[in-house]
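Enquirer: Just so we're aligned, residue 1 is where the sequence shown starts under full-length UniProt numbering, counting upward by one.
Hints are computed from structural coordinates only; laboratory data are not their basis.
One or more of the hints may lead you astray.
Taking lysine to aspartate or glutamate and the EDC-like style, the derived pairs with C-alpha atoms no more than 16 Å apart in a straight line are [unchecked claim]:
1) Lys49 x Asp80
2) Lys49 x Glu73
3) Lys82 x Glu42
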Amino acid sequence: MNPPHAVSIHEGEPLAVYSCPICFSPPSYAAMTPCGHLLCGECLFTAVKTTIQRGAYTLPPGERMIARCPMCEAPIPGWDGKGGGVIGLRPRAVFSL
């Protein structure tokens, strides 16, 4: 069961109807966290990377910071900084008028 604050993707609903909670634009290179939050890939990676870098200065020596969702702080297991641990969403078709 998804947490009440998680985004659910309904079949046939375009990604453009969602807004990235970090930049407030339709998600570009959309990524979904294991907890169900949908963000721009760049926003997600920047937020997690920044948090991990900040943690390196505040954690006791030898303790490792784990990647967490920037929205709800749920752990992102398998995070490798290259897309591991998140689901990349790609549009099925792109239409231009």
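Enquirer: Would you list, in rising numerical order, the hints stated earlier that this structure does not obey?
Expert: No hint contradicted; all consistent.
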